[in-house]
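Participant: Those letters in the sequence shown? Residues 1 to 584, per my numbering, in order.
Any given hint could turn out to be false.
Quick list of simulated restraints, FRET-style, between CB atoms [what the hints assert, rightly or not]:
no., residue 1, residue 2, range
1, P504, L44, 46 to 52 Å
2, V409, R537, 22 to 28 Å
3, A452, F234, 54 to 60 Å
4, A405, T479, 39 to 45 Å
It should be emphasised that the hints constitute simulated quantities derived from the structure, not laboratory data. No residue lacks a Cβ here, since even glycine has one placed at the ideal position from N, Cα and C.
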Amino acid sequence: MGEYGGDEGVRRRGCSCTKENFLPEESFRSWGNYARALKETLRLKDRVLTRSLDQTELVDVKAQSQHEMKKTLNWWDLMWFGIGAVIGAGIFVLTGLEAREHAGPAVGLSYVVSGVSALLSVFCYTEFAVEIPVAGGSFAYLRVELGDFMAFIAAGNILLEYVIGGAAVARSWTSNFATLLNHQPNDFRIVAHSFSPNYRYLDPIAIVVLAIICVLAVMSTKGSSRFNYIASIFHIAVIIFIIIGGFIKADTKNYSDFAPFGVRGIFQASAVLFFAYVGFDAVSTMAEETKNPGRDIPIGLVGSMVITTLAYCLLAVTLCLMQPYTDIDKDAPFPVAFEAVGWGWAKYIVAAGALKGMTTVLLVSAVGQARYLTHIARTHMLPPWLAIVNEKTGTPVNATVVMLAATAVFAFFSSLDILTNLLSISTLFIFMLVAIGLLVRRYYVSGVTTTANRIKFIVFLALILGSSIATALYWAISTDGWIAYAITGPIWLLSTIGFWLFVPQAREPKVWGVPLVPWLPSLSIAINIFLLGSIDRASFERFGLWTLIILVYYFLFGLHASYDTAKEASSAKQMKNVEEGAVN
Numbered sequence: 001m002g003e004y005g006g007d008e009g010v011r012r013r014g015c016s017c018t019k020e021n022f023l024p025e026e027s028f029r030s031w032g033n034y035a036r037a038l039k040e041t042l043r044l045k046d047r048v049l050t051r052s053l054d055q056t057e058l059v060d061v062k063a064q065s066q067h068e069m070k071k072t073l074n075w076w077d078l079m080w081f082g083i084g085a086v087i088g089a090g091i092f093v094l095t096g097l098e099a100r101e102h103a104g105p106a107v108g109l110s111y112v113v114s115g116v117s118a119l120l121s122v123f124c125y126t127e128f129a130v131e132i133p134v135a136g137g138s139f140a141y142l143r144v145e146l147g148d149f150m151a152f153i154a155a156g157n158i159l160l161e162y163v164i165g166g167a168a169v170a171r172s173w174t175s176n177f178a179t180l181l182n183h184q185p186n187d188f189r190i191v192a193h194s195f196s197p198n199y200r201y202l203d204p205i206a207i208v209v210l211a212i213i214c215v216l217a218v219m220s221t222k223g224s225s226r227f228n229y230i231a232s233i234f235h236i237a238v239i240i241f242i243i244i245g246g247f248i249k250a251d252t253k254n255y256s257d258f259a260p261f262g263v264r265g266i267f268q269a270s271a272v273l274f275f276a277y278v279g280f281d282a283v284s285t286m287a288e289e290t291k292n293p294g295r296d297i298p299i300g301l302v303g304s305m306v307i308t309t310l311a312y313c314l315l316a317v318t319l320c321l322m323q324p325y326t327d328i329d330k331d332a333p334f335p336v337a338f339e340a341v342g343w344g345w346a347k348y349i350v351a352a353g354a355l356k357g358m359t360t361v362l363l364v365s366a367v368g369q370a371r372y373l374t375h376i377a378r379t380h381m382l383p384p385w386l387a388i389v390n391e392k393t394g395t396p397v398n399a400t401v402v403m404l405a406a407t408a409v410f411a412f413f414s415s416l417d418i419l420t421n422l423l424s425i426s427t428l429f430i431f432m433l434v435a436i437g438l439l440v441r442r443y444y445v446s447g448v449t450t451t452a453n454r455i456k457f458i459v460f461l462a463l464i465l466g467s468s469i470a471t472a473l474y475w476a477i478s479t480d481g482w483i484a485y486a487i488t489g490p491i492w493l494l495s496t497i498g499f500w501l502f503v504p505q506a507r508e509p510k511v512w513g514v515p516l517v518p519w520l521p522s523l524s525i526a527i528n529i530f531l532l533g534s535i536d537r538a539s540f541e542r543f544g545l546w547t548l549i550i551l552v553y554y555f556l557f558g559l560h561a562s563y564d565t566a567k568e569a570s571s572a573k574q575m576k577n578v579e580e581g582a583v584n
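Whole structure, please, built from the sequences with the hints as guidance.
Facilitator: Shown next as structure tokens:
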């Protein structure tokens with residue numbers, strides 16, 4: 001069967017760390033093979049045009065992991081995983097930062113905007129997770145709908161999202177731990193004066209925390225779930241305490257200057273606060289371990305997001321009622337706010353709750369990111385050694401350790417503001433692609449969609465994207481104009497109406513589907529792109545650099561490894577059973 005198929009070949013890769021574990025494909029067996037592969041430009045065209053199939057992701061790709069992941073999760077587990085994954089550093093740290101610098105007391109509205117965007121993305125993710133319940137999450141969904149190449153671009157940003165998100169939370173863990181012990185956050189960090197100001201505060205505590213999380217994540221998914229929801233119950237109790245205590249000590253005078261930075265400040269804060277909602281996509285990667293995906297995933301994902309959005313808005317309102325926005329502490333806003341209103345003892349409860357929240361965020365993130373990496377490695381876009389699932393624990397040990405090691409490097413060096421802005425770009429970009437992927441799934445099926453309907457689909461989708469991008473660009477460069485919005489808004493509206501009236505759906509969801517298609521995915525695209533227009537230029541430069549790095553990797557390694565793997569699979573089966581659109 002060769003290196004790509006058969007149990008013997010797969011087991012051999014898991015036994016040792018040799019070249020066969022990392023680059024077993026035909027293109028890398030000799031320098032001559034590699035040189036020939038680099039010259040074959042047809043390979044890139046093949047990967048751009050090729051789309052995977054549902055069955056391929058569900059059966060053939062999963063088979064690369066040696067062993068099945070254990071189906072132990074239900075809707076209760078997923079809902080608490082969602083709450084545990086999302087409520088963490090975002091609300092306990094970024095609320096203070098954005099209220100003070102961008103939104104003022106209107107930060108609650110910022111949470112509403114980013115919450116609506118996140119909820120729309122949750123709907124899109126849910127339909128995919130029910131239809132394609134595999135560990136790859138959005139990577140697998142985009143491979144099926146947008147093709148191999150776009151899936152890899154998304155994959156690189158997915159991995160960046162998780163590494164940076166974990167690093168930001170780990171550093172916030174140190175800040176809240178310091179507050180709990182009556183110290184300043186940097187008291188527990190090593191100062192390297194020769195480094196840039198954004199990278200000079202080295203954080204050894206973050207490394208220790210991530211190491212403990214790594215051990216928990218590789219032991220058992222069900223065990224991680226039990227720990228998560230027991231800890232999350234305590235976390236919810238702390239949030240209720242903050243809301244009640246905050247309203248008792250509220251001063252409505254703090255709301256007299258409600259939006260000091262204007263509407264622009266509200267949306268700038270929304271773009272950054274989107275980080276606070278990151279994590280629910282990790283729950284979609286657990287679909288492969290869910291007993292009844294059709295029932296459990298919609299309840300778990302949508303339920304957890306509704307609870308989270310409500311909690312965020314109430315917490316943001318509470319914070320700004322307790323203190324003037326100019327006095328809010330940027331590192332530990334809630335503990336310091338309670339101290340400022342005379343409840344110094346309460347800061348210890350709040351700091352302990354924040355630490356618990358960040359711990360579960362790190363745990364769920366570790367579980368989710370390892371499953372993303374596992375599925376990406378199953379396609380050989382990354383070394384197949386990372387795809388191995390441990391027989392005893394039923395968890396992807398190799399992928400978990402590698403991802404958390406990378407997270408630890410970022411957490412050790414980088415400051416929170418550098419991390420969160422870059423994270424928001426990656427996240428919004430991926431969520432936009434998933435919404436596009438859902439429209440493709442509903443409206444374009446090879447062999448079913450007519451040529452005329454395909455042309456209408458492409459035109460309307462291009463108009464939706466173009467009007468959304470134009471709106472975001474105008475927002476970014478104009479401070480008080482409105483004429484462009486009077487043009488781009490109606491174009492988006494008419495394009496969505498055109499979708500609704502003139503392009504018939506080519507596929508109906510089998511079990512659970514997003515309501516109000518194409519309206520919800522179209523709105524998700526528009527909001528995600530608009531929020532991208534509120535992020536600073538330096539973050540886009542870092543995003544561009546990262547995208548360039550992953551493209552270089554793809555052209556040198558990932559392209560040839562995935563091409564060889566697909567062709568090897570197609571030699572054992574008919575091509576129509578593996579992929580569609582491949583170049584012969």
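Participant: If a hint holds in the structure, say so; if it doesn't, say that too.
Facilitator: Each hint, compared with the structure:
1. A C-beta distance of roughly 33 Å is found between P504 and L44, which places it outside the suggested range of 46 to 52 Å.
2. Taken as a hint, the range 22 to 28 Å holds for the pair V409 and R537, whose Cβ atoms sit roughly 25 Å apart.
3. Distance hint check: the CB atoms of A452 and F234 are about 58 Å apart, consistent with the given range 54 to 60 Å.
4. Remark: the range hint 39 to 45 Å for A405 to T479 is upheld by a beta-carbon distance near 44 Å.
Checked against the numbered hints listed earlier, the structure breaks hint 1 alone; every other hint is satisfied.
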